Amino acid sequence: MTMVELFDTTACELGEGPMWHPLRNELIWFDIVGKTLFAKGQGDARRYAFRNHVSAAGWVDKAQILVASDRALLLFNLDSGEQREICPLEADNPATRSNDGRADPQGGFWIGTMGLKAESQAGAIYRFYKGELRKLFGTVTIPNAIAFTPDHRHATFTDTARGQVMRVALHPETGWPLGAPEVYIDFSGTGINPDGAVFDAEGCFWNAQWGASRLARYDDDGNLLQVLDLPTAHVTCPAFGGGHLYATSAQEGLGPDALAAQPSAGMTFRIAMPQGIGQDEHRVILES
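Numbering (our numbering), first residue to last: 1 to 288.
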């Protein structure tokens, strides 16, 4: 039996955006509602408070990461706490915030936005690449499942409200999408709500499923291969690193009775994985 253990007992209202920093051997993750970034290796977690909602990150070098806030992409120094704006992100729209995001194999960074109250089709998915921020897909309600295949040929994303995980081909050198996205896994009508996701080194897709208390693994054709049960309903996003699979979770949407029955809601979990199954997180390239 696969053992699920608690990695960090901080209860996040909306834990999201886990990213293993390969040069620091630390997990980076966020509480979006709490406007907090966490970093943890072997010791206790460090906390960094922000004035705005923050949700996802990609690593730039050993000290610096690119952080998506609700108004901008920020270059943040984990050693000094210093930050500077790289470019605005829907800065003229106070009704939205960032959500799911991940660095791609070509050095870009994909990030989704959504309404503060999950208003229908209020968000979009963007890509930042060597100094340019470009909108890729619009009319998104809850962007999630931004992930990249290990052969660098495809990206996935979903609008959780629609329940379809989409797959789009990528230019092998620049990483910009080629053609229109196609349905990879269709959860519509099943009651499964696809949340954050990551691909492993074997090309299989690991998906956190909001409300289902689980991570699920799918093959290239979208067939279900494996389910990992977790002890709380709202599992939000997985990440590989250091021989483990990590998963964030949320207390958001759980009433008093559910929280009493799920004492680990909002905490961050860890599952030991076979050697070499995880992909390393890709580095963000800021400029040409």
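Treat the hints as calculated values from the structure; they're not laboratory data. Incorrect hints may have been included.
Stated by the list, open to error - Dumping the calculated SDA-like pairs for lysine to any residue here, alpha-carbon to alpha-carbon at most 20 Å:
#1 130 - 64
#2 40 - 80
#3 62 - 282
#4 135 - 173
#5 35 - 11
#6 35 - 10
#7 62 - 107
#8 40 - 85
#9 135 - 124
#10 130 - 63
#11 117 - 93
#12 117 - 90
#13 130 - 287
#14 130 - 93
#15 62 - 42
#16 62 - 85
#17 130 - 88
#18 130 - 167
#19 135 - 167
#20 40 - 81
#21 35 - 135
#22 135 - 85
#23 135 - 150
#24 40 - 88
#25 62 - 286
#26 130 - 87
#27 135 - 151
On a predicted model such as this, the values are computed, not experimentally measured, just so you know.
Pair hint outcome, residue 130 versus residue 87 [Cα-Cα no greater than 20 Å] | Between residue 130 and residue 87 the Cα gap is close to 11 Å, so the pair holds against 20 Å.
Is the straight-line distance between the alpha-carbon of residue 40 and that of residue 81 20 Å or less?
-> 15 Å, holds
Given the proposed pairing of residue 135 with residue 124, does the C-alpha separation stay at or below 20 Å?
-> 7 Å, holds
Taking only the CA atoms, is the gap from residue 62 to residue 282 under or equal to 20 Å?
-> Between residue 62 and residue 282 the Cα gap is close to 13 Å, so the pair holds against 20 Å.
Given the hint that residue 135 pairs with residue 167, does the C-alpha gap stay at or below 20 Å?
-> 17 Å, holds
Hey, residue 117 versus residue 90, does the alpha-carbon distance stay inside 20 Å?
-> 16 Å, holds
Below or equal to 20 Å on CA atoms is what counts here, so check residue 135 against residue 173.
-> Measuring from Cα to Cα gives roughly 19 Å; hence the hint holds.
Holds or violated: are the alpha carbons of residue 135 and residue 150 at most 20 Å from each other?
-> 24 Å, violated
Between residue 130 and residue 287, does the CA-CA distance stay at or below 20 Å?
-> 4 Å, holds
Straight-line alpha-carbon gap residue 35 to residue 11, limit 20 Å = 13 Å, holds
Assess, step by step, whether the Cα of residue 35 is no farther than 20 Å from the Cα of residue 135, and give holds or violated.
-> 24 Å, violated
If you draw a straight line from the CA of residue 35 to the CA of residue 10, is it 20 Å or shorter?
-> 14 Å, holds
Violation of the numbered hints given earlier is confined to hints 8, 14, 18, 21, 23, 24 and 27; the remaining hints are satisfied by the structure.
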